[in-house]
Amino acid sequence: MEIIGELINTSRKLISEAVKKKDGQYIRNIAKLQQESGATYIDVNCGTFMQNEVETMEWLVDNVLQGCNLPLCIDSPNPLALDAGLGKSKNGRTMINSIK
Numbered sequence: 001m002e003i004i005g006e007l008i009n010t011s012r013k014l015i016s017e018a019v020k021k022k023d024g025q026y027i028r029n030i031a032k033l034q035q036e037s038g039a040t041y042i043d044v045n046c047g048t049f050m051q052n053e054v055e056t057m058e059w060l061v062d063n064v065l066q067g068c069n070l071p072l073c074i075d076s077p078n079p080l081a082l083d084a085g086l087g088k089s090k091n092g093r094t095m096i097n098s099i100k
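Numbered continuously in the UniProt record's numbering, the sequence shown closes out at residue 100.
Treat the hints as calculated values from the structure; they're not laboratory data. Incorrect hints may appear among the rest.
Under the rule of at most 20 angstroms between Cα atoms (straight-line distance), these lysine-lysine pairs were calculated in the PhoX-like manner [stated by the list, open to error]:
id, residue 1, residue 2
1, Lys32, Lys22
2, Lys90, Lys32
3, Lys13, Lys32
4, Lys90, Lys21
5, Lys22, Lys88
With the hints as extra help, turn the sequences into a complete structure.
Structure below.
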């Protein structure tokens with residue numbers, strides 16, 4: 001069974017605020033918490049940052065990977081953001097959650 005931690009999503013107020021402030025420690029803590037709670041994948045979604053989704057995805061992936069050692073689930077219908085997230089993801093088998 002696979003369990004996807006879905007908390008790192010910029011539609012969530014505290015995640016959005018952390019991204020705006022570039023609070024990487026907060027993102028790393030959330031990733032670690034989800035791993036400790038039994039997640040087998042960490043979902044990364046920054047779709048509410050459409051103007052700079054590629055850069056935001058790269059920043060989020062970097063911080064998530066510093067906080068845990070799980071494979072990621074890259075969540076975006078934007079092919080450029082998907083590519084950016086896939087390019088940074090190095091923890092095992094990466095999953096894609098959305099496509100056009």
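* Are there hints from earlier that the structure breaks, and if so, what are their numbers? -> When the structure is compared with the hints, only number 4 turns out to be violated.
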